[in-house]
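Construct all of the structure, not just a fragment, from the sequences and the given hints.
Chains as they are written, first to last, in our numbering: chain W, 1 to 342; chain A, 1 to 342; chain D, 1 to 336; chain L, 1 to 336.
Simulated from the structure, these hints should not be mistaken for lab results. Here the structure is a predicted model, which is why all the values come from computation and not from measurement. Careful, some of the hints might be misleading.
[Stated by the list, open to error] Straight-line alpha carbon distances no greater than 35 Å define the calculated DSBU-like cross-link-like pairs of lysine-lysine that follow: (1) D:259 / L:260; (2) D:325 / D:259; (3) L:2 / L:196; (4) A:160 / L:102; (5) L:260 / D:336; (6) L:336 / D:300.
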Amino acid sequence: MAPDLWSLYALMLKARLFEEAATKLWYEGLISGEMHLGTGEEGIIAGVVSQLRDGDAMALDHRGTAALLMRGVDSVSLLHEFLGHPQGLCGGMGGHMHLFSKEHLAASSGIVGSAGPAAAGFALAAQYLHPQSIAVAFFGDGAMNQGMLMESMNLAAVWKLPVLFVCKDDGWGITTQSDVSTAGNLDDRARGLGLLAFSVDGVDAARVWEIAHSAIERIRSGEGPVFLHARCVHLEGHFLGLQTIRILRDPLKEMPKVAVGLTKSILKLHGAAVSERITGLKSIMSSVIAALRDPRRDHAHDPILHTRAALQSDETRLKAMEDRMEEDIHNILITVLGEVPS
Amino acid sequence: MAPDLWSLYALMLKARLFEEAATKLWYEGLISGEMHLGTGEEGIIAGVVSQLRDGDAMALDHRGTAALLMRGVDSVSLLHEFLGHPQGLCGGMGGHMHLFSKEHLAASSGIVGSAGPAAAGFALAAQYLHPQSIAVAFFGDGAMNQGMLMESMNLAAVWKLPVLFVCKDDGWGITTQSDVSTAGNLDDRARGLGLLAFSVDGVDAARVWEIAHSAIERIRSGEGPVFLHARCVHLEGHFLGLQTIRILRDPLKEMPKVAVGLTKSILKLHGAAVSERITGLKSIMSSVIAALRDPRRDHAHDPILHTRAALQSDETRLKAMEDRMEEDIHNILITVLGEVPS
Amino acid sequence: MKTMSFIQAVDDALAQAMAEDPHIIVFGEDIPLLRRDLLVRFGPRRVRGTPISESAFLGAGVAAAMAGLRPVVEMYMVDFLGVCMDALLNHAAKVEAFSGGKWTAPLVVRAPCGGGYGDGGQHEQSLWGMLAHIPGLTVIVPSTPADAGGLMLAALKQDGPVIILEHKLLSEMWLEFLGSGARKTVSFDIPAGGTKGSVPQKWEPLPLGEATLRRDGHDLTIISLGVSVHRALEAATLLEAEGISAGVLDLRTVSPLDKKTVCQEVIKTGRLLVVDEDYETFGLSGELAAVILEAGIAFKYARVCTQMTIPYSRHLEDEVLPNVKRICTAAQQLMK
Amino acid sequence: MKTMSFIQAVDDALAQAMAEDPHIIVFGEDIPLLRRDLLVRFGPRRVRGTPISESAFLGAGVAAAMAGLRPVVEMYMVDFLGVCMDALLNHAAKVEAFSGGKWTAPLVVRAPCGGGYGDGGQHEQSLWGMLAHIPGLTVIVPSTPADAGGLMLAALKQDGPVIILEHKLLSEMWLEFLGSGARKTVSFDIPAGGTKGSVPQKWEPLPLGEATLRRDGHDLTIISLGVSVHRALEAATLLEAEGISAGVLDLRTVSPLDKKTVCQEVIKTGRLLVVDEDYETFGLSGELAAVILEAGIAFKYARVCTQMTIPYSRHLEDEVLPNVKRICTAAQQLMK
Ligand SMILES: Cc1ncc(C[n+]2csc(CCOP(=O)(O)OP(=O)(O)O)c2C)c(N)n1
Ligand SMILES: Cc1ncc(C[n+]2csc(CCOP(=O)(O)OP(=O)(O)O)c2C)c(N)n1
Ligand SMILES: [Mg+2]
Ligand SMILES: [Mg+2]
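This is the structure we're talking about:
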């Protein structure tokens, strides 16, 4: 089966516009705490979430916004929640890392790896209450090193639970690159835990859709859990205002803050040999440089642009859709901010 | 290189005689709490521990007795500990599940899976303090599903820690068979976590020695952790007095205790359909029957008999050794029990 | 009135609830053998064994509860919650708050607890003080068969997460399984009143958060729970011979705490002796002091608790766990 | 006298110790970036990043400490101890007891804690009450740069496991890292006295288990720790204007608890108000009540703590965490 590109595009765009709006509000200080965006992983989310039905469940990580929007959670109530408003999805109690919608059987958590056990539990309930329903776990590559996630893959496999484990692999956990924190190979690891494993480039929502489609069919028919390993690039880095990204974007302003301490440390009496200190300095620099070389700076990794390119032939329809969605988000902002006392 | 069969046999026999003595004391009520023996896994322990040197460390599970004895912990102080005596290895504070010998860098724990992180930590210290020293983790197949153990394999791999992870696979976790609790394949799983993996039948101490030997050489030279998957049979089942084993050994006495409840449950109003109840009954019966068919009843799985067979040609030496060791354990018992007020 | 053992009572109440509510399922390590009677009656679909991976299956229990099941998740021992505390601390206990009150996780966690049979410090803890510290959890520690059954039923009707801690000394099943079944050579200080007792013909849920007065007294009030209630009762009998009249209040639930009855009893006697098998500091014994002070009541106070890691040696263990002698001495002190 | 920020002070004391003792190593998630100054000075061998697997690396820290290193293990936030509590509860805290006093695990766990900046209930907890419940752990909660450095040094000389909880509101580094660095549009109620302060020329270890009187008073004693100390001091100033003289005692270490000073101060005023950002029940506030009652002291008591899961909304959050207004109201009540 083939996906409907237009609806995938619509889903992604909706999430992107929402998160861009949230970004502005965050910079304006109207949203508190950390803010992890899903910009860049929309291809994965859209490819999977577009296939969910009533009774299916989602266990989300710290980037749950896009999945909830695509699943049909009301944008206004979500934005209200981000603003800590009593009318928010969770009455202002959860915030963007702890979003819960009972109606959609969707729960987020800021504890890395906990989407695994949660999806297993949702799937267990599905086995009893809604046969043929499934649960999806969304998590990052860093989470693959968290014991409870690996445990839950094994549990899902021995119980043949209907779970799709989706690893959104951006190659990073905050400021740590996965190649220094993850040994072996994630697909092998999942297979060693009894799962079927598929790999895909998440920039291509249509391809994700296709692979997820056959995986989900398999899962619905009771054949047990599947691991979907999808690469992606987080366009804003780990969270808004990530230090390494700030340094890249505004080195003149941000570098001195960092450099003073480093220089002092190079010169301090007592400590490692100079050669080792230089190695240390290099390793820090290389993490900044890695961020520089980070594919996130390359537009080719934006799933929205990728799908848009395939739709460009019908410019009129595209423009109409984009205009409508921009208007939507505009209206949402007006609705929500209209009430916020300035 | 080839192992010295005589010394492997001596190590194994020493542990076996000690644990058999402990068994008697346990049945006599002189040892309290649960009692997990290592009888049946001595081939694995001897094959590995005989290669350890000063500075090497061991992280042990709930069956640590044999490893400690083979590593050189004093039998008297160990037996004292089992008896809760102030002169015991741990002053009577630890007991058989929590044995600690700082001198031998050996620590046990009753928390399934915790030998993984512990060995990683010992190995980390070795990297700094005793290069070329290694740490060994001993754990069961059930522990392979515990998140912290899998996490620690990954950690050891990315940090290239000198750890030998030894899985003593008896196919059981207490009364649960591994094929219903463990998905995938343990060797693949370890490889997916970045480890080299080797398999061996633990009944053959010499073969274990050989494989462990090359693994340990590799580890000492800084090439990172190795997974050693060794099969074994626990001759006494999970712990002394395990219910399923009791039923097998004395069905006339033990079966009625179990059967009354089961029969009532079959007949009670409200509950599953009769067919499902029968399925349930069958599954319980099959776990007893599995214990019946359990290879532990087959002497071919005893590592001590296995190695003994290879030494039988020199009957005089064998007899001398066995007599001496029996006398040793006899003396130890006299020493220790002599002091215990009856 | 029927008579049942402690563990029979819990399982019987659970079975009654399972017969009525098909959403109740039971899982944990070795459960097919340990709950074989439930397995045979309700089938292997509803009574399941798990891999040794507490974080996965306890976490799964939380989500399954959110999605409409009512899982009873069994831990081998409460001590092992250390490997999966996150599921309770950051998930089960917080779903209701995080969702703005719109969603809850009605799961029941069952865990054997407590010492007195020589298993050592990693296997004999109580830890209810630690658990009750977390807002959003209900923590139950029954001391008799009748309470154990009635509180299990109440737990199964509760709208959020509940933990029931079952003391191993009260449970012939656990002691038999952990080794006593194979030898007649060991005996433990097992309180008769806790291990067997009369139970109702049909189980009714007991109210959560209601303490019960096991013995009236006018000189001092002993507040306790679990096995220690029986130690306290024994001590009270001895104290009576010395002319000290000690009341014994059994909390039954740690959280919510029955502040009203607690205060009422302490007002009556003006003296509180807490007997708590859990660790002494930063737990239940302190909370009781605070609650009564907050009510503006003046009283004398002492406690007999576990002050350190529980030793393996049976002899040392008996000294470290609250025992009758320590209780009597503390009570005498308090009367001075 | 030099001046330093809170986090500078901790890192500076740590650096001083690392320069003296080559056995000290530091590891945790993202540590190469977060402790980049230490990395550059002491090299990548001694300052390491870890995979996201707290159970593995905290557990490894315990064993590495037993084997002769002195690891400083960093948790991203204290809340995440939920996934690896076992390493503290059943290992670090018990090695000494289990080994009959022959072996210890001298590791230092460093964890940011506390709320007031809108991260929500899974990321703003305090949990020292839960940790201090475990016999065998030392728990430190500093409130000023000078204490933070001196206590870090003391922790590094301690013979068993120590946890230092550093409040994020006191740490410009954490707030900057968690997002404030990128925007000038947010401001939090940051206590000036806690974030910057004078520190000694060379660090000396402070004694563990010694509280310090931040302000003398004769009507009531406020006992507190961490950020709440500063809230209490602010409240005390306001109360003074109303004619209420409130002393403020800063505990600095939760366990061991400075019972002597605690009792001394409460004897002086006869009134105790505990201000504790950790959860109210079954924790520090109760333990203080118990300790003073055990000493036979009669006093009035109240507490201002966190009673529920911390809300995300900044507005609700400020009400749930102990604030100056709640402290003043409680103090006034206590004076009635
Ligand atoms: C148990 C736990 N440990 C650490 C953290 C801090 N933390 C939050 S997000 C994150 C990185 C997660 O990386 P990954 O799973 O790859 O997801 P990504 O952010 O890259 O999408 C970390 C370490 C946490 N929230 N929970
Ligand atoms: C974290 C934890 N969960 C459960 C237990 C209870 N338990 C003790 S031994 C054991 C089985 C272990 O199986 P395995 O690792 O295969 O070792 P074996 O006993 O077969 O040698 C279990 C479940 C425990 N001690 N710790
Ligand atoms: Mg990532
Ligand atoms: Mg096994």
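Comparing the hints with the structure gives:
no.	hint	verdict
1	D:259 / L:260	holds, 29 Å
2	D:325 / D:259	holds, 28 Å
3	L:2 / L:196	holds, 10 Å
4	A:160 / L:102	holds, 30 Å
5	L:260 / D:336	holds, 22 Å
6	L:336 / D:300	holds, 22 Å
In summary, the structure agrees with every hint in the numbered list given earlier.
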